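Next come the chains, spelled out residue by residue.
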Amino acid sequence: MNALAPTGKLHDCRDAFAETLERLAATNEAIVAVCNDSVGSSKLGGFKTKFPDRLVNVGIAEQNMVGVGAGLANGGRLPFVCGASCFLTGRALEQIKADISYSNANVKLIGISSGMAYGELGPTHHSIEDFAWTRVLPNLPVIAPCDRIETAAAVEWAANYDGPCFLRLSRVGVPDLLPEGHVFVPGKANLLREGRDLTLIANGTLTHRMMTAASLLAQHGIEARVLNMATVRPIDEEAIVAAAHETGAILTAEEHSIFGGLGSAVAEVVVDQAPVPMKRLGVPGVYAHTGSAEFLLDEFGMAAPSIVEAALALLKRK
Amino acid sequence: MQSQELERVARQIRRRDLQAVFEAGAGHIGGEMSAIDIMTALYFRVLRIYPDQPRHPERDRFVLSKGHTACALYVTLAKRGFFPEEELSTFLQPGSRLNGHPNCNKVPGVETNTGPLGHGLPVAVGMAKAAKLSGAGYHTYVMTGDGEMQEGSNWEAIMAAAQFALNNLTLIIDHNRFQQGAALADTNDIAPLRPKLEAFGWDVSEIDGNRMSEIVPALEKRSERPHCIVAHTNKGHGISFMQDRVDWHHKVPNREQYEIALAELSESN
Chain A
26 MNALAPTGKL HDCRDAFAET LERLAATNEA IVAVCNDSVG SSKLGGFKTK FPDRLVNVGI
86 AEQNMVGVGA GLANGGRLPF VCGASCFLTG RALEQIKADI SYSNANVKLI GISSGMAYGE
146 LGPTHHSIED FAWTRVLPNL PVIAPCDRIE TAAAVEWAAN YDGPCFLRLS RVGVPDLLPE
206 GHVFVPGKAN LLREGRDLTL IANGTLTHRM MTAASLLAQH GIEARVLNMA TVRPIDEEAI
266 VAAAHETGAI LTAEEHSIFG GLGSAVAEVV VDQAPVPMKR LGVPGVYAHT GSAEFLLDEF
326 GMAAPSIVEA ALALLKRK
Chain B
133 MQSQELERVA RQIRRRDLQA VFEAGAGHIG GEMSAIDIMT ALYFRVLRIY PDQPRHPERD
193 RFVLSKGHTA CALYVTLAKR GFFPEEELST FLQPGSRLNG HPNCNKVPGV ETNTGPLGHG
253 LPVAVGMAKA AKLSGAGYHT YVMTGDGEMQ EGSNWEAIMA AAQFALNNLT LIIDHNRFQQ
313 GAALADTNDI APLRPKLEAF GWDVSEIDGN RMSEIVPALE KRSERPHCIV AHTNKGHGIS
373 FMQDRVDWHH KVPNREQYEI ALAELSESN
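Quick note, the sequences are listed as chains A and B, same order. Counted from 1, the first sequence has number 75 at position 50 by our numbering; the numbering is strictly sequential. Counted from 1, the second sequence has number 140 at position 8 by our numbering; the numbering is strictly sequential.
Pulled out of the complex, with its shape left as it was, chain B reads as follows:
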């Protein structure tokens, strides 16, 4: 799938995500909008996956470490054929398997349970190491939030990945500059990320993480070392009044805001 078509799919995923959050009355829409372009590129272009065989041993792995943006993953997985799109209407409803954080034992395509931050990268290191041990050819991708990089467990995993020379591992940091309560810079400013990752022995790319023409080549890049993509994104990307506003971390649009946002995300835009 080429960039223009990927952008169209990403718009559709944004619309469906917005609808799901609006209808459920809850979600983490800001961090979903920042990450959706990357997830779209992964599932509709980059990942070698088998939606009808979600546990295929040779599948590429994707771990959404920022598990609170599960809704975006659900929409992407459903659109890619892992489960029926109609099921998205159950998001956060009583008894639904689509809860606020993804469950690998219930939702096809989810690789490991995430939610508490700082968990996905260590698991992804284990996945990549497993491929090295078994000779499997799959590639492992993991996406963290930038605020999430404040968790020390990530840096344990970053050290291990370099030590194990995991050139089959790509870490994507969704660098949208905001965490739940405030800007990263006003909380515990771990930016700039590139020199830190480089100092730990990683190969680092910096891209506009909301620009498909930069996302795809970065995801497809192969390196001798573990690869980190510092993806500069906008929280709430695609919806003007949400963009870069910290309160849209988990705010829910009212009816009027919902209509405006839907219009902004329409096919013609």
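The following block holds chain A by itself, in its conformation from the complex:
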């Protein structure tokens, strides 16, 4: 427990996704990859080489892509439908609702380059609304892994789970946080650091920033609990309520709008079951200006020192 701030090599989680999918596809003939011309950006080049017939590229047509995914599942295939998260969820949201979630189709939606991974390309390519759009839909686990290990574990889980899900991946490098051999359990947070003074909750590219912030807080004599909350829905209510009762304050951070995402999901549980002071960090309801994802996360108050400041301010409200 209480590991030092993560300083290891950074990994692109798309590689873990692609490697795992190819490994699973070698023994499961039902697995197909569906994409919208995004062979490169979805890292499906290796899949295409190994299983050329099982790569279904519909071209630049996201509504059709999601519908085709539902049809492939109806026909007994196991489709991983991959596309830039902004287009997959935004352009095809009604298909995700009607064809996937409401129909309960066994389709794995893979949102690539989520959050502000396409930072410099601007807000049209930022996917900072996708938690909000997807987590209101029944039957659809919404998952944002924090590192390559959790990504691989979540893909393996998805392949074995009989139902739809949405995996939200980034291309922004993240260090290893979870142990090798980690088994993904949907709806269960991972306790990455124990602490009793407050709880930091994050997922995706923010978890390692929270770990760094926790190390900095320790230098102030403050012991922060850190929860990696990959599953936004179903949210781990038990871990949130325990955090509220045992640490008395909760700070969330996410590569998403502060409206409707992880922080909102945590706040819903806190308000209903265990009211304590909370602060949500994220994109504050604006369209970002130009910059890399890392730059924008820093700009929006999610550099580790800024997280520390937010934590210290929050602690004054306890």
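Treat each hint with caution, since some may be false.
With a straight-line cut-off of 25 Å between C-alpha atoms, the simulated BS3-like cross-links for lysine-lysine are [as the list claims (entries may be wrong)]:
(1) A:Lys-73 / B:Lys-264
(2) A:Lys-213 / A:Lys-304
(3) B:Lys-353 / B:Lys-328
(4) B:Lys-264 / B:Lys-353
(5) B:Lys-264 / A:Lys-75
(6) A:Lys-341 / A:Lys-304
Label-pair distances were calculated between CB atoms; the ranges are [said to hold, decoys possible]:
(7) A:Glu-119 / B:Thr-222: 25 to 35 Å
(8) B:Pro-183 / A:Glu-119: 57 to 67 Å
(9) A:Gly-84 / B:Arg-343: 30 to 40 Å
(10) B:Pro-183 / A:Glu-54: 21 to 31 Å
(11) B:Arg-354 / A:Gln-298: 52 to 62 Å
(12) B:Arg-354 / A:Gly-310: 51 to 61 Å
By construction, these hints were calculated from the structure, which means they are not laboratory data. Model, not experiment: these values are computed from the prediction. Each residue gets a CB set at the ideal place from its N, CA and C atoms; glycine is no exception.
Given the coordinates of chain A, assemble chain B onto it according to the supplied hints.
Frame of chain A, contents of chain B only:
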């Protein structure tokens, strides 16, 4: 089943559909009457189906993309033995699984949930592609409305079907020339449909979609390419005062109209 008998079954389905809409006080009767002959031919002649095993992997697929005409599908499925015909009396009633648009997780024989337009054809493309990948021998049919072809998602799917050479896919366009608010021609006139589909690489048949002798061979036709049947139909077909009247898109007959319509659809006619 031969044409004459299919026509008799279609009349029975029309009568039961009319009754269900009348009793429920809601429905989309015009587009149901235009589509019932085709649905009858599918379920009582063409489709390889297993009503007692609705998820049989080798079953032919039918997707009703114009999901608002669910009542016609419910009547057809019940008559074909997918669920008890008595249940049709629950159509639109509180708690019924027979709501205004079909639900594949509740109603046996429904393949995917439809309702928002422009959804069924992409899903059907996926079904047909799945058969190509797995080697399954089933055929996939999907029916859209003609107004529904204004949805861009259909044209995405039409392109994909041609690219994937899905000769195991048949699209039926119920070309009854009317949409909810007005005639197709006065709204966004996508007719003629044939040259558009042909330009996109499909094989196209044009038939009288209310004439069984033309419907059956078109549905049974196999092609090297994806096949589109432009089915020229009449909205409200079979009921004189509804036919080709746009207000019967979702109007409900009063008692007097109901009796007249029932008489027109009687066995002797």
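Comparing the hints with the structure gives:
1. For the suggested pair A:Lys-73 and B:Lys-264, the alpha carbons sit about 17 Å apart, so the restraint of at most 25 Å is met.
2. Only pairs whose Cα atoms come within 25 Å are accepted, and A:Lys-213 paired with A:Lys-304 is accepted, the gap being roughly 21 Å.
3. For the hint linking B:Lys-353 to B:Lys-328, the alpha-carbon distance of about 20 Å falls within 25 Å, and the restraint holds.
4. Proximity of B:Lys-264 to B:Lys-353 is assessed by CA-CA distance (about 18 Å); at most 25 Å being required, the pair is judged to hold.
5. The suggested pairing of B:Lys-264 with A:Lys-75 holds, with an alpha-carbon distance near 18 Å, which does not exceed 25 Å.
6. Note on A:Lys-341 and A:Lys-304: the hinted pairing holds, with a Cα-Cα distance of about 12 Å set against a maximum of 25 Å.
7. A C-beta distance of roughly 28 Å is found between A:Glu-119 and B:Thr-222, which places it inside the suggested range of 25 to 35 Å.
8. In this structure, B:Pro-183 and A:Glu-119 break the distance hint of 57 to 67 Å, their C-beta atoms being roughly 31 Å apart.
9. Judged by the Cβ atoms, the range 30 to 40 Å given for A:Gly-84 and B:Arg-343 holds: they are separated by roughly 37 Å.
10. Between B:Pro-183 and A:Glu-54 the C-beta distance comes to about 30 Å, which sits within the given range of 21 to 31 Å.
11. Under the hint 52 to 62 Å, the C-beta atoms of B:Arg-354 and A:Gln-298, about 60 Å apart, fit the expected range.
12. Checked against the hint of 51 to 61 Å, the pair B:Arg-354 and A:Gly-310 passes, with Cβ atoms roughly 55 Å apart.
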